[in-house]
Amino acid sequence: EALPSRPSIGSEESSAAAKGFGGRHASQPPAPAPVGVPSMDRSLSRASRADGAPNRGSLEALQDEEASLRHYRSEVWPERKAKRREALKQELHEACGSAKELGDLVARKKQSIAVLKSQLAAMAPDCDEAEQLRLRKQMDTAYFKDTVQQLKEYKAKIEALQQQLSESQDELQSDFLSWHRTALAEAHKKQDRHRAVELTSAGGERVTSNWKERVRP
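Quick note on numbering: the sequence shown equals residues 1 to 217 in UniProt numbering.
No lab work stands behind these hints: they were computed from the structure. Even glycine gets a Cβ: it sits at the ideal position worked out from N, Cα and C. Treat the hints with care, since some could be wrong.
[What the hints assert, rightly or not] 25 Å max Cα-Cα, derived SDA-like pairs, lysine to any residue:
#1 Lys-152 x Cys-127
#2 Lys-152 x Leu-88
#3 Lys-152 x Gln-162
#4 Lys-110 x Ala-130
#5 Lys-109 x Ala-142
#6 Lys-109 x Gln-132
#7 Lys-100 x Phe-144
#8 Lys-190 x Trp-77
#9 Lys-110 x Thr-147
#10 Lys-117 x Leu-135
#11 Lys-137 x Gln-119
#12 Lys-157 x Leu-88
[Stated by the list, open to error] For each label pair, taking beta carbons as the anchor points, the in silico distance ranges come out as:
#13 Pro-78 x Ser-98: 28 to 34 Å
#14 Ser-178 x Gln-111: 53 to 59 Å
#15 Glu-60 x Ala-107: 52 to 58 Å
#16 Gln-90 x Ala-122: 34 to 40 Å
Could you build all of it, start to finish, from the sequences and the hints given here?
Below, the structure is given as structure tokens:
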């Protein structure tokens, strides 16, 4: 379900990891972000990122792709897509359950028909009991064929749902990678600006110190 060397989409963890990912279902508050770098959950909320803008999280947090994926899936991915994916999973689950019940019923009816055939073969064909068994066999055979047809329809439905769910997974993977690349690039830029400010500040302090040395009486 996931691309090679990428975090798995198929896993359904609902809680976000540490390193700045709050998550809607997290059981503990996120660890404090480094000075000057806002934590991911503070810098982004469902209301403030309605346009799907990339998270301005810390570089350290974004470099954990598994945690980034969990955060993106629960907090950033458009809600309509997430709801559609969950609806597909629920519908697939129900269809598989119905197909299993039909499969069990087909197996029981097949066995029942085999027993009736065996009983009919062991008795005189013109007796009253044989006539009753033939009627039961006809009814079971008709029911068996109808159930087999329903099972075929459910199998086709399951295949279609699996295809739609696979497409949803591909969409989630693509959306996440696009968001993650942008968020990483912005985090790197932020880190570079922060370092530039630190270097400028350090240089100014040295110049001030040298000037004080020169003008000292």
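Hint numbers contradicted by this structure: Violated hints (numbers, rising): 1 and 16; every other hint is consistent with the structure.
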